[in-house]
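Participant: Taken in order, the sequence shown gives residues 1 to 314; the numbers are from UniProt numbering.
Since the hints were made in silico from the structure, they are not lab data. Check before you lean on any hint, since a few could be wrong.
[Claimed, not checked] Computed beta-carbon distance windows for the label pairs:
(1) ILE114 / ILE70: 26 to 34 Å
(2) GLY47 / GLY247: 42 to 50 Å
(3) GLN188 / GLY159: 25 to 33 Å
(4) LYS191 / ASP255: 23 to 31 Å
(5) ILE244 / ILE114: 52 to 60 Å
(6) ILE114 / ARG135: 17 to 25 Å
For glycine and all other residues, C-beta sits at the position ideal for the given N, C-alpha and C.
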Amino acid sequence: SSGALTLDLALGGGLPKGRVIEIYGPESSGKTTVALHAIAEVQKEGGIAAFVDAEHALDPTYAAALGVDINNLLVSQPDTGEAALEIVDQLVRSAAVDIVVIDSVAALVPRAEIEGDMGDAHVGLQARLMSQALRKITGNIGKSGCTVIFINQLRQKIGVTYGSPETTTGGNALKFYASVRLDIRRIQTLKKGTDEFGNRVKVKVAKNKVAPPFRIAEFDIIFGKGVSTLGCIVDLAEETGIIIRKGAWYSYNGDNISQGRDNAIKYLEEKPEFAEQVKQLVREKLDKGAVVSANSVSKSNEEEEEEEIELEEE
1 SSGALTLDLA LGGGLPKGRV IEIYGPESSG KTTVALHAIA EVQKEGGIAA FVDAEHALDP
61 TYAAALGVDI NNLLVSQPDT GEAALEIVDQ LVRSAAVDIV VIDSVAALVP RAEIEGDMGD
121 AHVGLQARLM SQALRKITGN IGKSGCTVIF INQLRQKIGV TYGSPETTTG GNALKFYASV
181 RLDIRRIQTL KKGTDEFGNR VKVKVAKNKV APPFRIAEFD IIFGKGVSTL GCIVDLAEET
241 GIIIRKGAWY SYNGDNISQG RDNAIKYLEE KPEFAEQVKQ LVREKLDKGA VVSANSVSKS
301 NEEEEEEEIE LEEE
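Turn these sequences into a full structure, and let the hints guide you.
Facilitator: Right under this line is the structure:
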């Protein structure tokens, strides 16, 4: 599982084993958060996880808040790109690790560049490094059944008139070797009054070799807490008709449970057994082939407030 129910649905069930996955997007869009949630899910099932921190930016406190067992997480902070990819190869070949996350491809600096001077031109070094590493690693990944997640950054191409000028770092090899590519974007800032408490994130499955591609998922990432799993449950329960919404009121089996989405999430938070029951019902409906729209879109607070005003006027 990716940790977000809506994303699992868009992926056709979750992240595949024994495959290469690329997560890319702008800064602070939630790339590392999604990868850490995947690690937490693997650890919950009793699996072993490794995190290759090339950016030297892993926050253990935040990772623990997302459910990652920090004491049993293998963390490496290599100095060069060659060392990082050698570590990944050894971890995969050992078949003792279930998931490896590399954060990020952009930070995998070739040794020649580190030993050279500032301003030296090193054309195509990183692309060649990635191409060679993926050639070596891919076969072993398939044999060992280990999931390898590469986090990647975006860059701008110069002089592009038509189409998107955005491109990912590290050459084209990763695009070909990845079975799943996730394009993650922040679409809305979640606010309570003037206080910002999270982001609404949209993930497009840009490539998928194991399920239909181009599906879209939306979910909330709460600062300091990670993906709002209950938010995903509320959105999907509404989409599948388990929870009915009339105006701003949410009801279950004819009984009103709350007014507004935030209160519906709070209600599930206070009643974990009920939340689990709703989650199971959602999963059963989806397993039977219930169709939800491409986006599990929740209405913004402003829209809910407008509906409340309309109801009061009536």
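Participant: All hints are to be evaluated individually against the structure, with a verdict given for each.
Facilitator: For each hint, the structure was consulted:
The supplied range of 26 to 34 Å is met by ILE114 and ILE70, whose beta-carbon atoms lie about 28 Å from each other. Judged by the Cβ atoms, the range 42 to 50 Å given for GLY47 and GLY247 holds: they are separated by roughly 44 Å. For the pair GLN188 and GLY159, the supplied restraint of 25 to 33 Å holds, since their beta-carbon distance comes to about 32 Å. Separated by about 30 Å at the C-beta atoms, LYS191 and ASP255 satisfy the suggested range of 23 to 31 Å.
In this structure the supplied range 52 to 60 Å holds for ILE244 paired with ILE114, their Cβ-Cβ distance being about 59 Å. Checked against the hint of 17 to 25 Å, the pair ILE114 and ARG135 passes, with Cβ atoms roughly 23 Å apart.
In summary, the structure agrees with every hint in the numbered list given earlier.
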